[in-house]
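*Asks:* Line by line, the protein sequences are chains A and B. Per the working numbering, residue 1 is the first one in the first sequence, and the count goes up by one each step. Per the working numbering, residue 1001 is the first one in the second sequence, and the count goes up by one each step.
Just so you know, the hints here were simulated from the structure itself, not pulled from any lab data. Since the structure is predicted, the reported quantities are computational estimates derived from the model, not experimental observations. No false leads were mixed into what you were given.
Between beta-carbon pairs, the in silico distance windows are:
1. A:V153 <-> B:L1157: 46 to 56 Å
2. B:F1277 <-> A:A532: 32 to 42 Å
3. B:I1113 <-> A:L22: 47 to 57 Å
4. B:M1159 <-> A:V432: 55 to 65 Å
Facing chain A, according to a computed beta carbon distance under 8 Å, are these residues of chain B, among others:
5. V1035
6. A1090
7. L1102
8. T1104
9. M1107
10. L1111
11. F1226
12. E1264
13. F1271
14. I1272
15. I1276
Every residue, glycine too, gets a C-beta built ideally from N, C-alpha and C.
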Amino acid sequence: MTVKATSAPAAHQKGPGLLSGLTNPRVYCALIALALLLIIPMVSGSPFVVHVFVTICVFAALSTAWNIVGGYAGQLSLGHMVFYGIGGYTTALLITHFGLTPWLGMLVGAALAAIVGLAIGYPCFRLRGPFFSLATIAFLEVVRLLSIHFHEVTGGSAGLIVPLKLGWAWMIFRDKMNYLYIAFGLLLLCIAVSYLIRNSRLGFYLTAVRERDPAALAAGVNNTAVKLQAIAISAALTALVGAFHAMYMTFLEPATMFSLATSIEIAMFSLIGGLGTVAGPLLGTVLVVPLAELARGWLGASANGLHGFVYGTVLVIITLTLPGGLVGTFGKRVGRWIDALPGGGRVALVREAPALTAITGAPGEPILIAKNLTKTFGGLVATDNISLTLKRGEILGIIGPNGAGKTTFFNQLSGFLHPNSGTVSIIGPDGVGATPTSADGFARMGIGRTFQIVQPFGKLTVLENIMIGAFLRHPKVEDARAAALRVAKVVGLDDVKDVEAGTLPIGGLKRLEVARTLATEPNILLLDEVMAGQSQADTQRMVQLIRTIREHGVTVVAIEHNMQAIMSLSDRIAVIDSGKLIAEGPPQEVVRDRRVIEAYLGEDYADAQGL
Amino acid sequence: MDVFIQLLINGILLGSMYAIISVGLTLIFGIVRVVNFAHGEFLMVGMYGAYLLAAKFGLHPYVSAIPIVLLLFAFGALVQRFIIQPLLSAEEHIQIFATVGLSTALMNLALMIFGADLYSVPPSAVQHSINIGGFTLVIGQIVMFVCALALVAGLHLFMQSTPLGRAIRATAQNRNAALLMGVRVDRIYVIAFGLGAACVGLASALVMPLYPVTPTIGTYFVLTAFVVVVLGGMRSMYGAFFGAMIIGIVDSLSGYYIAPDLKEVVYFVIFILILIFKPTGLFGLGRGTE
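Kindly produce the complete structure, drawing on both the sequences and the hints.
*Replies:* Here's what the structure looks like:
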């Protein structure tokens, strides 16, 4: 690993300026497309067209906000109108009772919605797919029924009329264009937030958690915390839009403010446009909403139910034909066309990798102490009273027959399993032992682990996979990218760095495991059978790599079945059989240990050797 | 005390309706492993079917139960074959969207055809109530209770003692192993989805004399059915049966003792609590949300 401790002067690393950004076709195309949402209704002047565009902006904003939870975090909320309703009712009630301007009321509503979002998310994020959706529906129904029940406060089913005070201060206008300006502003806000999240550590973390929980944990991601951030942001934005929409309609009733059908619609727009993309929700809304509004305009009341029927049918057809949505399916191609426009196709500057965090402490000191680890699964004792002290800077090989409990031991060292009895303590720089409570805590304490069964984030590129690890020490995207690139070179993945990780062969995936873990810049590296499935040449390369890693002060523990490699590599070998640590010592001694030979080759063989 | 016992009886009778709907939902979830968000709309389709047969041919819904059950079986099988089957290996959210889309489309299709009006079948004797030991019981609800028991018993026998039932159970437990043993898994799924829909068909014929049909009636019943299924442990038919009884009783008691418009709040809160704290269901009969 090449360490470049000196970082170049900041001025060289600055991105292109704002003006030169505008000449990028991706930027100006997006701005032109967005501006059309204002220009078309301005030119037409028809109140109906203005109404359609206000509706488009509102639903696109709602869908964009939903996408932060539903798309980025992959948590399919079907009760998102609960936040919209909270925003609307809070604002309306604050005007009625306290004469508070809706501009402030909507902020109060947003804060309240964020708190409710956290309260829903915290218990429900552990639920799998459809059950999370059902729970969000249940919350929506509960709030709706309560808002009907407490009619003294909310006006109940009869509804609540917003006091009609005209002007900007009260967000109620005669000229409908003013509504469009606000709706457009809210849409821009939602898109900007969505874009910033997508291109930040939070966005990468959300994708990682959505794709693979355990691998994200191993990269030090606090799964619940990132999802809670997403739902709080999404709920607050949804409430802002709900508050505005209530002012636009000047009438609130539980059936529309907490509507299940509308909750489904805003999710649907995202799916049609492309889940988890920045532009998808807007695109889906722009395509579907005018269609439904026009159908309603042309066919009038006879079309009762038509738009819902069209929505439902489109939804089924999209799931069957374009599950990636429009952006997911055509996005890359359109992106290339746009890049072909004047000013396009620029390549991002490659930054110098930030400095590695230096590993301090003298070699040979204890760095991790495992005491009396016992873990049982039902009647099976997977690890039976294993104690082992890891010394700084060593390479420890762990061998043992299949099913001996090696991986279970690893899972306890890295916090993925809690031992039934016994402790794991990590010795910090101050010499004090600590035991984090969660797997991501272990990763933050400097324990990096790979998985025997590889856990790539399949839809991310190889480089992005490594970045998920690099974010642990480098919160800025560009720093993480540069650090990931450095790791990719070291591990030998730089030639495939832009390939989707899911398409790599097994050897590449094993190296990706190592790369992602290495990118977290661990003090202790736990490698679980990284040489399995590697070619002879790759094995040699991996052995070399592990030596290099150790030279940088990293302590390495490797579970391995490749005897030749592990014996030549390790300073010390520990042998686990049937959950017990049966031998421990320098490789030459361990291979001659009678119990080890028995464990591997049987008692008869050991007898025949005269041991 | 008499009021309390009357409420319990009402709850159990109401629960038997939820039981029939929920057993169908459980079959589909337990075997095909798809949460059918359109389940309530299947009920609505069955109810409109029963209404049409009554209006055009004067058939009592109990008589039209047979064609309705067959119709719903076919409908469920078609949905499985042409919508769910292609999505079996797709990501979970796509499956959710597919059944949610189907639900939206069916509900609005009914709105287009029938409008938002309430339709009911001509009154018949099953709406009358009888008096047993001082307690009133609606005949139609007694019929439902008997049918719910018969349905669970019948399905139990079918699952335990026929070759097809065994193949279905094998598929539910391990799809790949069943495939390797020569079970035609795709066909089993079609049958299972059809059976689940057929249960709803039975429910719709039994419900029709007591409730008028509207395009949104499915949403009303299906949310309750989901509560029942989660309470019963997701994949256990027997759990669903007892879960339905409990929800029926909760419905009846909270409607009287708390407030009629808050009874749904009570069981939605139970639903959320069970999902969060005891995902294997109240009796631990299911395998939970995995």
